[in-house]
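Protein chains in written order, with my numbering: chain E, 13 to 362; chain D, 157 to 538.
Zero decoy hints are in this set.
Chain D stretches covered by chain E per the calculated footprint, using a threshold of three residues with CB under 8 angstroms from any CB of chain E:
{"no.": "1", "region": "214 to 226"}
{"no.": "2", "region": "286 to 300"}
{"no.": "3", "region": "323 to 335"}
{"no.": "4", "region": "350 to 362"}
{"no.": "5", "region": "366 to 380"}
Simulated from the structure, these hints should not be mistaken for laboratory data. Built from N, CA and C at the ideal position, the CB exists for glycine as well.
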Amino acid sequence: MLTRADLAKYPFLNEASDYIKELGISIDDIASPDFSPVLERAEKRLEEALSKGRVSNEFANENAEILSFPVSNLILSLTGEERAQRRFALAEAKRAYELLRQESPEKLDYIARTTFGWKLNKIDAQPGKRFYDFAISLADYLRNSVHLKEPKWKLPNRILDHGSVYATREELARLLEEEVRTRIVNRSGRLPGEVPKLLQPKVERTRGLITKWLGIPSHYELPKVPSPEAMPPCVRHLIDNLAEGKNVQHMGRFTLASFLVNIGAGEEEIVKTFKPASDFSEKMTRYQVEHIAGKRGGRTKYTCPMCTTLKTYGVCYKPDEICSTIRNPLSYYKRKAGILTGRGPKREPS
Amino acid sequence: MDPPPSPAEREYGFLLFNGKFMVRHRSFKDPGSLLTAVRDLVPLHVYFSTAYYREPTAPMDEKGWTGADLVFDIDADHLNTPCKPDHDNWKCKACGTIGNGGAPKLCPKCKNDRMEEQTWLCDRCLQEAKEETAKLLEMLYTDLGIDHEATRLFFSGHRGYHVHVYSKQTSQLGEEERREIADYLLAQGLDPQLHELEETSVGGTRVAEGPLMGQPGWRGRIVAGIYDLLGSEIDQIGLTSTQVSALRSWDREDLLRKPFWSSVKGIGMSTWKTLVSKAVEKKSARIDTVVTTDIHRLIRMPGTLNGHTGLLAMKVPEERLDEFDPFTEPLAFQGEMKVKVTESPGFRLGEERFGPYQDETVLLPSAAAMLLLCKRRAQPIA
Numbered sequence: 013m014l015t016r017a018d019l020a021k022y023p024f025l026n027e028a029s030d031y032i033k034e035l036g037i038s039i040d041d042i043a044s045p046d047f048s049p050v051l052e053r054a055e056k057r058l059e060e061a062l063s064k065g066r067v068s069n070e071f072a073n074e075n076a077e078i079l080s081f082p083v084s085n086l087i088l089s090l091t092g093e094e095r096a097q098r099r100f101a102l103a104e105a106k107r108a109y110e111l112l113r114q115e116s117p118e119k120l121d122y123i124a125r126t127t128f129g130w131k132l133n134k135i136d137a138q139p140g141k142r143f144y145d146f147a148i149s150l151a152d153y154l155r156n157s158v159h160l161k162e163p164k165w166k167l168p169n170r171i172l173d174h175g176s177v178y179a180t181r182e183e184l185a186r187l188l189e190e191e192v193r194t195r196i197v198n199r200s201g202r203l204p205g206e207v208p209k210l211l212q213p214k215v216e217r218t219r220g221l222i223t224k225w226l227g228i229p230s231h232y233e234l235p236k237v238p239s240p241e242a243m244p245p246c247v248r249h250l251i252d253n254l255a256e257g258k259n260v261q262h263m264g265r266f267t268l269a270s271f272l273v274n275i276g277a278g279e280e281e282i283v284k285t286f287k288p289a290s291d292f293s294e295k296m297t298r299y300q301v302e303h304i305a306g307k308r309g310g311r312t313k314y315t316c317p318m319c320t321t322l323k324t325y326g327v328c329y330k331p332d333e334i335c336s337t338i339r340n341p342l343s344y345y346k347r348k349a350g351i352l353t354g355r356g357p358k359r360e361p362s
Numbered sequence: 157m158d159p160p161p162s163p164a165e166r167e168y169g170f171l172l173f174n175g176k177f178m179v180r181h182r183s184f185k186d187p188g189s190l191l192t193a194v195r196d197l198v199p200l201h202v203y204f205s206t207a208y209y210r211e212p213t214a215p216m217d218e219k220g221w222t223g224a225d226l227v228f229d230i231d232a233d234h235l236n237t238p239c240k241p242d243h244d245n246w247k248c249k250a251c252g253t254i255g256n257g258g259a260p261k262l263c264p265k266c267k268n269d270r271m272e273e274q275t276w277l278c279d280r281c282l283q284e285a286k287e288e289t290a291k292l293l294e295m296l297y298t299d300l301g302i303d304h305e306a307t308r309l310f311f312s313g314h315r316g317y318h319v320h321v322y323s324k325q326t327s328q329l330g331e332e333e334r335r336e337i338a339d340y341l342l343a344q345g346l347d348p349q350l351h352e353l354e355e356t357s358v359g360g361t362r363v364a365e366g367p368l369m370g371q372p373g374w375r376g377r378i379v380a381g382i383y384d385l386l387g388s389e390i391d392q393i394g395l396t397s398t399q400v401s402a403l404r405s406w407d408r409e410d411l412l413r414k415p416f417w418s419s420v421k422g423i424g425m426s427t428w429k430t431l432v433s434k435a436v437e438k439k440s441a442r443i444d445t446v447v448t449t450d451i452h453r454l455i456r457m458p459g460t461l462n463g464h465t466g467l468l469a470m471k472v473p474e475e476r477l478d479e480f481d482p483f484t485e486p487l488a489f490q491g492e493m494k495v496k497v498t499e500s501p502g503f504r505l506g507e508e509r510f511g512p513y514q515d516e517t518v519l520l521p522s523a524a525a526m527l528l529l530c531k532r533r534a535q536p537i538a
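Can you build the whole structure from these sequences, using the hints too?
As structure tokens, this is what we get:
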């Protein structure tokens with residue numbers, strides 16, 4: 013079913029790993045001069061992913077293309093930089109999508125089935141104007157579609173027929189992109205026992221690239237000092253309501269407390285925020301805040317609810333442009349803080 | 157008791173008569189030892205986790221979640237039955253405002269959200285819950301492809317029904333995925349345009365087009381819902397009288413043929429959209445989303461008494477849902493009891509009608525007395 017050219021296009025496939033095994037190549041062979049095209053391509057993959065968020069499809073040497081993918085992954089794993097691993101996974105997944113959307117339904121069906129274990133059927137259905145090539149099992153559809161925000165991916169907007177979701181070829185490719193991304197993220201971080209010395213300079217160079225394109229790690233993380241300007245509209249609205257002595261419902265209170273706990277606000281500060289509430293009880297508030305911070309009860313530090321949940325409970329308030337790019341108020345804070353300090357992740361290098 | 161599959165991998169919880177706290181994080185090797193524990197504790201409510209764990213007795217974040225049943229709860233609390241003002245009432249815990257019917261989300265006076273509710277169970281509410289359950293089951297089978305064999309239906313012992321799906325295909329679904337399923341059943345966020353309801357131009361004339369009867373999923377269901385509306389409450393959904401008479405004079409059987417969207421004179425796109433949204437409302441199953449999306453939920457053990465009523469939470473064979481009488485079959489107590497009733501609406505148990513009562517001492521069949529005691533409408537008399 014798959015040719016070597018296919019493995020070069022989709023080096024994350026099981027067949028690609030098998031192919032490398034059959035070649036009898038191990039990580040120690042990297043030192044050999046024959047391998048310089050592989051190393052070169054591996055570094056190019058990383059540089060492209062980190063700088064542009066894309067990996068090109070143009071390549072000359074199929075073997076180098078297949079072999080360079082695990083090498084890129086290994087180098088990245090050795091840097092220990094998770095954010096770079098995520099960016100690389102996304103870039104590789106986008107590359108795969110561009111190629112997948114041009115494939116025949118038969119090949120898409122094969123890849124989904126064998127590498128990702130999907131249950132799906134090739135169909136030939138035109139219930140309305142659109143033509144559907146696939147019926148994907150509900151679980152496989154949901155696992156990937158929940159990451160996608162466009163309304164067309166919401167289950168109530170799909171045709172769901174006896175446990176299968178209808179999808180076009182293009183849509184299947186998009187869902188596979190998600191699956192590819194998850195697979196690459198899960199794969200990175202797995203390290204072999206011995207790492208050839210030759211790779212060490214490559215790892216250092218990649219660290220440099222990460223700093224260049226993604227900024228210094230500590231700046232990417234949440235700012236040390238809570239920065240009120242970076243708070244999302246919903247959280248500011250909650251604080252304003254409390255300050256004005258208006259009643260804030262349970263979900264709103266939980267959102268505010270868990271948000272503040274997670275951005276590193278001090279317990280005193282958080283308790284103070286709740287003080288203007290008409291039914292304020294210091295003892296109760298302190299207890300609840302400690303609970304949310306994981307200092308009591310189940311010892312779980314609670315994270316802030318997702319935006320979808322906040323919409324359901326009517327806590328979401330006047331979402332702005334940044335809101336349309338995030339799924340959790342904490343991500344908003346991270347992003348806005350980055351923009352405000354000018355030290356955040358650089359999206360589009362000038 | 158009617159314990160779930162894989163009983164040893166679950167967490168159990170008990171609410172006791174005297175305690176305010178749940179005894180939980182318990183586990184039992186087999187149904188026998190569970191039964192022994194129930195006999196020892198004599199709890200008011202018995203629950204088990206819908207989740208499976210490697211270590212059910214460990215603290216929450218160390219339990220090792222391995223999957224969870226897909227569960228649905230249909231409860232009169234979430235239904236808007238017209239009888240609620242007759243038998244339910246609420247009181248704001250902050251300012252003491254009271255009202256009849258289901259509690260509002262916010263107190264109309266002080267905007268507080270903490271309410272004390274007194275509810276009652278009546279034929280009408282439970283009949284609606286039954287209808288919602290039937291819609292739910294239909295969607296589970298024809299749309300979600302859930303296996304009949306994996307599905308169990310239970311009367312909750314109070315104001316609704318529970319549906320449990322014990323299946324490998326759904327046990328691994330996460331919270332967000334289950335939320336999508338809940339949204340699907342409620343048609344939450346359904347955009348008719350994405351089901352190809354749109355206006356196009358054919359030879360210069362504007363023509364409405366949309367889904368057709370018999371198409372899978374929400375598409376066919378939208379049309380079926382419009383068909384139902386045209387046969388019943390079409391005059392009660394906010395359309396003008398001209399629109400209503402236009403729709404009434406049109407043969408609704410045309411919905412079964414295609415295409416029909418442009419065939420009613422005077423009915424344009426915006427009216428069709430209104431009809432679609434009403435059709436969707438009519439056809440959706442009003443489940444409690446919180447229960448379905450919570451993958452660590454404790455849920456009532458079938459075959460135990462519900463401490464809110466003294467009625468048996470029991471399995472209902474699906475083919476018997478229609479004829480199932482929640483006021484006869486779940487009765488558990490024999491004999492008679494004398495109680496002092498403070499206040500109670502009228503109700504039926506079995507073939508007998510009781511009440512309404514107001515500050516009176518009555519001798520009642522035990523099941524009726526227990527219901528009043530459990531609902532805190534009466535005190536026992538020694």
